Amino acid sequence: MIPLLILGLLIQNPGAHGYELLALMEKRHYKYIVNFTKGSFYYNLQQLEEKGWIEQIQLKPSTSGREIRNFKITGSGMAEFEKLMVKYGTNSEYVNLQFYGTLLFADEYDKNKLLELIQSQIDQTKTRIALLDEYLSNTQELPGTIDYFRRMNENSRSHHLVNLEWFEQLKAEIEAQLPIG
Numbered sequence: 097m098i099p100l101l102i103l104g105l106l107i108q109n110p111g112a113h114g115y116e117l118l119a120l121m122e123k124r125h126y127k128y129i130v131n132f133t134k135g136s137f138y139y140n141l142q143q144l145e146e147k148g149w150i151e152q153i154q155l156k157p158s159t160s161g162r163e164i165r166n167f168k169i170t171g172s173g174m175a176e177f178e179k180l181m182v183k184y185g186t187n188s189e190y191v192n193l194q195f196y197g198t199l200l201f202a203d204e205y206d207k208n209k210l211l212e213l214i215q216s217q218i219d220q221t222k223t224r225i226a227l228l229d230e231y232l233s234n235t236q237e238l239p240g241t242i243d244y245f246r247r248m249n250e251n252s253r254s255h256h257l258v259n260l261e262w263f264e265q266l267k268a269e270i271e272a273q274l275p276i277g
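In terms of the numbering used here, the sequence shown has 115 at position 19, counting the first letter as 1, and numbering is strictly consecutive.
Just so you know, the hints here were simulated from the structure itself, not pulled from any lab data. If you're wondering where the values come from, they're calculated on a predicted model, not measured in any experiment. Careful, some of the hints might be misleading.
[Unchecked claim] Pairs of lysine-lysine, DSS-like flavour, derived with a Cα cap of 27 Å: (1) K123 / K168; (2) K183 / K168; (3) K222 / K207; (4) K179 / K207; (5) K134 / K168; (6) K123 / K222; (7) K207 / K127; (8) K209 / K134; (9) K179 / K147; (10) K222 / K209; (11) K134 / K222; (12) K134 / K123; (13) K168 / K147; (14) K147 / K183; (15) K134 / K147; (16) K209 / K267; (17) K207 / K183; (18) K179 / K123; (19) K179 / K168; (20) K127 / K179; (21) K179 / K134; (22) K127 / K183; (23) K267 / K207; (24) K123 / K183; (25) K222 / K267.
Produce the complete structure using the sequences and hints provided.
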């Protein structure tokens, strides 16, 4: 999915350089959409260029002495963007939290350690909700427009709230089963 993000960002920001695109992905919290690292981002950027889907453009000479590589999407890149939109736009997956895998063996695991795992999930979920709250408090949908990214984040927040409630309920039920002492 990283190629879709890069191509889409270049459509929105023609002439951007790699660091600008990566900074946008981080600022917009795209890590909650797809797992990426700086290395995987630059690898995908290079692959897109090698496939001819993006090309380097020179906006202005660099005064810092460092080469700044600015990019734009090509015609074949636009076609690939269209394909990726269909590919990911029609793909529906089950929620696949790795945590679910650990619950398959919860009865074989120390309950106090299981509570620590659940608390970790609670803490991480609260952090995600706080980040989403921060983003949502700093953006506003303009009348007559649809801000898809904002709505996606509102939906993501709702899912995290449901998960948080479930984790807290699970923790309380396990704690109720533990011997007092």
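### Task
With a cut-off of 27 Å on the C-alpha distance, tell me whether K123 and K168 pass.
At roughly 21 Å apart (the allowed maximum being 27 Å), K168 and K123 satisfy the hint.
### Message
So if I understand the rule, the pair passes when the alpha-carbon distance is 27 Å or less; does K179 with K134 pass?
### Response
25 Å, holds
### Task
Verify the proposed pairing of K183 with K168, using a straight-line Cα cut of 27 Å.
22 Å, holds
### Query
Does the structure keep K123 and K222 at a Cα separation of 27 Å or less?
Satisfied, since the Cα-Cα distance of roughly 19 Å is no more than 27 Å.
### Message
Just to be careful, I want the Cα atoms of K207 and K127 compared with a cutoff of 27 Å; is the pair within it?
### Response
With Cα atoms ~31 Å apart, K207 and K127 exceed 27 Å; violated.
### Task
Quickly compare the C-alpha distance for K147 and K183 to 27 Å and report which way the hint goes.
18 Å, holds
### Message
Check whether the Cα positions of K179 and K168 lie no farther apart than 27 Å.
### Response
18 Å, holds
### Query
Taking 27 Å as the top limit, are the C-alpha atoms of K179 and K147 close enough?
15 Å, holds
### Task
With a cut-off of 27 Å on the C-alpha distance, tell me whether K222 and K207 pass.
22 Å, holds
### Query
Is the straight-line distance between the alpha-carbon of K209 and that of K134 27 Å or less?
Given that 27 Å is the threshold and the Cα spacing comes to 33 Å, the pair is violated.
### Task
Starting from K134, check that the Cα of K123 is at most 27 Å away, please.
The hint holds at about 14 Å.
### Query
Is K134 close enough to K147, meaning Cα to Cα at most 27 Å?
20 Å, holds
In this structure, the hints that do not hold are numbers 4, 7, 8 and 17, in rising order.
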